[in-house]
Amino acid sequence: MKIKQIQEDLVDEFAMFDDWMQRYEYMIDLGKSLPLIDNIYKTEDYLIKGCQSKVWIQAELIDNRIVFKADSDAIISKGIIAILIRVFSNQEPNEIIDANTEFIDEIGLKEHLSPNRANGLSSMVKQLKLYALAYQTKINNE
Amino acid sequence: MKNITDINVEEIRKDFPILKRKVNGQNLIYFDNAATSQTPKVVIDSIVSYYSNYNSNIHRGVHALSQEATDAYENSRVKFQKHFNANNSFEIIFTSGTTHSINLVANGFKKILKRDDEIILSQLEHHSNIVPWQMLCEETGAKIKVIPIDHNGELIFSEFEKLLNSKTKLVFVNHVSNALGIINPIKKIIDTAHKYNAVVLVDGAQATPHMKIDVLELDVDFYVTSTHKICGPTGVGVLYGKEEWLNKIPPFLGGGEMIDQVTFEKSTYAGLPNKFEAGTPNISGVIASGVAIDYLITIGLDNINKYEKVLLDYATSKLLEIQDLKIYGVSKEKTSVISFNVGEIHPYDIGSIVDKLGIATRTGHHCAQPIMDYFKIPGTIRISFCFYNTTEEIDIFIKALNKAILMLS
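Line by line, the protein sequences give chains A and B. Residues in the first sequence are numbered from 1 upward in steps of one, following the numbering used here. Residues in the second sequence are numbered from 1 upward in steps of one, following the numbering used here.
Hints are supplied without guarantee of correctness; some may be wrong.
[Claimed, not checked] To give a feel for the contact side, a few chain A residues facing chain B, derived at Cβ under 8 Å: (1) Q5; (2) E8; (3) D9; (4) Y24; (5) Q52; (6) I75; (7) I76.
It is worth saying that the hints were derived from the structure and are not from the lab. All of these numbers come straight from a predicted model, not from anything done at the bench. Virtual Cβ for every residue (Gly too), placed ideally from N, Cα, C.
Here chain A stands alone, though its shape is the one from the complex:
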């Protein structure tokens, strides 16, 4: 599925809820289905800088698509990264680089888009895109 399509699906899913509490509960549930990374990757190298909670992201290139796995020590951060991984995992690097994240606002999680270092969503997106850029460079050089 294309990134745009997945984002639209997420917007539709979140539109079913009347209030923020239900949206947060759904996000927390999405976090529980996150493809978790192996404990061996929970090191400084895989840690996202700039989040108040710890978030680790690992990436692998399989058939020219990037597969992301992640984990966090905070439940809400885990929900956020789960949403991002649903959008960006199993996509080609170029598509990840070009994608925007306006859907976050549309699903009612606007407060997480602030550049306030406490919430780290922008750092997570940056890290996913950095992985995509690195793999795209690698593909171009091959």
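With chain A fixed as given, assemble chain B onto it according to the hints.
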């Protein structure tokens, strides 16, 4: 509340325009006062009045506006001199904040410290009272020693005494821990350090909002704070230094205001306090800070202290009713700050949920990672009260906290 203390909280709340606003559809409950306090209308009005009536650069102009601005700026200095009971108004230096003040003093000791001299800090320090000294040690070859804390978060005084010796040149300690709210025994620390001729700097950023400071009685060498913690604007710091030490240390920034004579061969510096106030200062901010300290004095720091103690005790007892809730920093000597965690729940998760319910708290390591390392936790949720908070707000917070715990468990 009128019966409990002399604080009339309903009336006081009318002084703070921001307390009327809503956040996420809820009435704002502001429990992040240790990070910055809110601003009363008289302080906001003084900034508007400055820019509307006498905005002008100080100290140099011969015209009326410059004279008025200079008088108001210097009047603020006298207010802080009186409030801190300093001997001279020139012992009060205006800076951009506590961090600037500490860096100014640290820079001043670059040429005074020698290799293998020792500096004593406490485990409770804010990063801004650790990093400048580390930078100083890197340059001078001096060494840092750390006063440890016990499981309650209190400094172990006997360990401090063991660290002192003839090599000890400087002692830095906060008056009140920003992360835990514990009031440190600074008078005892200052007197003991002075027996070894060590210079003492006290970071008072978390103390000045809650108590009267008497630098003469403390016999402290340097005392620093930021006025945005005491209902003033952001961007203004107050540095008190004993005349003797302010004369001994060199200027931090070079520029206008701080000079006596300038030629391309050599410049001579102005006397105190101008030597440390290079460039155009935050004139409106300093004037507004003077208005803020007047506001606190009118309410009365003793009244504030008593009322905040009521809030602290009430919130502490309500929090302790919650299962698995642990408070960090247990002491009889505390300001109205409570740092806690609930079971294994990440503080960030709780902070995010209560924010959705209109409550401002602070989560994380509070710029005091060494304390979090000691307790082996990623951070805490910190609530901190000001004299405009109420027990009713605490009740709403407790309900929100229970809701968050339910969602996150």
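**Report entry** Hints the structure fails to honour
**Finding:** Per hint list: 1, 2 and 3 violated.
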